[in-house]
Amino acid sequence: MEQILGQLPLRFSRLSMFPVFDLAHYTASVLSLREERGAVEVSRQSPIACWFSAMLYCFGGSILSSLMLGEPPVAFLANTTSVLLASSVWYLIFYSPRDLAYCCSSFLPIRLMFAGMKEVTRTWKITGGIAHAHSHYKNAWIVMIAIGWARGAGGGLISNFEQLVRGVWKPETNELLKMSYPVKVSLIGAVLFTMQHISFLPIEKHNLMFFYTIFLVVTKVTMMLTQRPTSPFAPIEKTLAYLLFGWQPTDSRGKGEARVPHNGASSADRTMGGETSGSAKMRHSKKTE
Amino acid sequence: MEQILGQLPLRFSRLSMFPVFDLAHYTASVLSLREERGAVEVSRQSPIACWFSAMLYCFGGSILSSLMLGEPPVAFLANTTSVLLASSVWYLIFYSPRDLAYCCSSFLPIRLMFAGMKEVTRTWKITGGIAHAHSHYKNAWIVMIAIGWARGAGGGLISNFEQLVRGVWKPETNELLKMSYPVKVSLIGAVLFTMQHISFLPIEKHNLMFFYTIFLVVTKVTMMLTQRPTSPFAPIEKTLAYLLFGWQPTDSRGKGEARVPHNGASSADRTMGGETSGSAKMRHSKKTE
Amino acid sequence: MEQILGQLPLRFSRLSMFPVFDLAHYTASVLSLREERGAVEVSRQSPIACWFSAMLYCFGGSILSSLMLGEPPVAFLANTTSVLLASSVWYLIFYSPRDLAYCCSSFLPIRLMFAGMKEVTRTWKITGGIAHAHSHYKNAWIVMIAIGWARGAGGGLISNFEQLVRGVWKPETNELLKMSYPVKVSLIGAVLFTMQHISFLPIEKHNLMFFYTIFLVVTKVTMMLTQRPTSPFAPIEKTLAYLLFGWQPTDSRGKGEARVPHNGASSADRTMGGETSGSAKMRHSKKTE
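Residue numbers (UniProt numbering), protein chains in the order written: chain A, 1 to 289; chain B, 1 to 289; chain C, 1 to 289.
Isolated chain A (complex conformation) (with noise of 0.2 Å):
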């Protein structure tokens, strides 16, 4: 029994993405390009752009990852079994009669599991990040961040670029002046998986995707349940922010992150959190200039 539960994170390790839980990632992201405003629209005004929208929801990590590394963005492309699975979730939460398989996949079971699997996912690509950046550049713990971040954080870090797809523009706000839950959590997995990968962190490889997995899929299931947004790194962003830059977090902005009723997985890759309140002080801002 106990030499099991020892090959667990091993065997977990050697599971395969292909297909199903690709498909989970697939659904979860679409729903989530759904549940945006204005999507609905957009998808009935030009498919085109809802698809390519929901591409680069599903494969936005591969994309931005080829792109820092100078290799083909179309990459994703010619593998077309995946493509055509992502298409066909996108089509079905899209234009399913009566919104069949919109109002199924968002029933909050299903959504909870769907959840909990893409947070698997995003394990495998920040590591599958990890190896390629260090196919690329030996030992440059950096470009390794940068790309297993990339990879994992999907399209969260493209977000500006793919509203723009849709028609929209915010550029008071993106990922990296207000980082969503997922970005954060891809960003220090990255750097995590990276000191492993340079023999920084005495711990094998199996053990820390299993245990980074759990607490990835914990987390992510609590936060739909709670739909409480305040993420568990709060308390040490805060020790962090005020040891290495000199300062606490203003409070506004922690108002402004609490006073967002999340409704489960809506929040799944972005926090549309501040932006009402960032645009308002835009608005401020453009006022008194």
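Just so you know, the hints here were simulated from the structure itself, not pulled from any lab data.
In this text the structure is predicted, and so the values were computed from the model without any measurement.
Fair warning: there could be bad hints in the mix.
Which copy is meant is left open, so a pair is good if it fits within one copy or across any two.
Listed next, the in silico DSBU-like pairs over lysine-lysine satisfying Cα-Cα at most 35 Å (straight line) [unchecked claim]:
(1) Lys238 x Lys170
(2) Lys138 x Lys238
(3) Lys238 x Lys184
(4) Lys205 x Lys238
(5) Lys184 x Lys170
(6) Lys184 x Lys138
(7) Lys205 x Lys184
For this one, chain A is given, so just place chains B and C on it according to the hints.
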């Protein structure tokens, strides 16, 4: 006699685009740039921005497809002859004394000839793009369609960024959200030639090139003469949209397109159509926020 | 004695930029970032966005030229020492206790020294860029000018996207529409060094490097001391514009430039000059629409 007619498509498919057809393409492209609102002011304020914009119009397809395949987007600059040719055209059309070159080339019959010849280069670009994509990815037909489309639709797809060079930013619209006719017809061409390339269409390449080009030229010239902006695909699109996406295109969109009078070649590569209504909508949504 | 003087350019051209000159470049760049409006707020709100912005200021030329040549834009991250050096400078200038580092480095004589040394690195970057482009494309002098310019003008050319990282978006202006002095002088340098490289200029490379650098440093220091924003090229530009484009630069532009007081090094890499008038124009044109 019959033999000669039979050989016509084959001979046609061996036509060299350089220099006559390329020249026509540059002229038609720079003319449509010059007729963009604000372009003449930019040409006085900053010749370099204007030149760069003109290059994006002339070589946009090449730049975009290079970016998509991870190749140097400046590769087109290495072909010094083409760049000098395009630059001469740009110089003559924007800065010739008394606007002689512009007045001559916008004389309707000359303009029709240039526009027709430009359409011929489109076919060559699409087939070139598909062959190039095929040399990178074997049998990845989605990539082949994407690259063929990018090469054929030229600067249209990157129009948002081309406008940015001239200090114009219209995030509320783009060529994916609201496809212009050249972008649509390039997409159809890319699909047809890709299907032919993977032996899915029982037709020889030179025949397809011949008939597709004739279709392009005839449609373009007809549209310029009748000044009707409605694309010949409208009924097919409606049927397809009804079958695939279960909805009829909203009336407002059709009206928006019909309301705008297209004065010949100013519609060359871009419909400015729904933009006014689009920005009006935008403003409205801002008010109601 | 004469022999020593004669060898001076040769010895000068063998100077190593790392670490002293690079350090000066990073300092001058981060200082000019810090003096951008809103940068300090960004540094409190999101250190990561601020760090990324600083990297774009320090390594902008390298990133842009990599993108243009289809090489990995993250390559600069592989040079861990440089990145750590730049990051330390960024950290000290933004977060040192009581702003000690910022106050020290913005003390005029120190600032002059940093600015002068930064100009020295510009020469090295331009020649490096041209040699790099030459290794890709033989005798493609347009590519060589483009890459040399991109490398030398650094972050200036991508300023729109650098600003976007900080949540600022000014589409109505860019460095092509309204060139700042460093961008102009880099373009001239790129043209000169390319002409030297293809043996069109009868001067040895080390001599050209020597005299170009002296010109850069003297002009820069003079401009910072006299606070006159008018570039020394203004008369040449006027003549050239008159000869080539048949017009005299409009008065409004000259006035716009003259009206804005440049307080020394805050004009380091970007003139904020005509922006106010530019946006005013924008607003006006919107009203009249």
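These are the hints, each one checked on the structure:
1. Lys238 x Lys170: Both: 27 Å inside a chain and 32 Å across chains, each within 35 Å.
2. Lys138 x Lys238: within (34 Å within a copy, 52 Å between copies)
3. Lys238 x Lys184: Within one copy, since 14 Å is at most 35 Å while 44 Å is not.
4. Lys205 x Lys238: within (29 Å within a copy, 54 Å between copies)
5. Lys184 x Lys170: The answer is both: 20 Å in one copy and 28 Å across copies each meet 35 Å.
6. Lys184 x Lys138: within (25 Å within a copy, 38 Å between copies)
7. Lys205 x Lys184: For Lys205 and Lys184, only the intra-copy Cα distance (21 Å) is at most 35 Å; the inter-copy one is 49 Å.
Violated hints are absent here; each numbered hint is respected by the structure.
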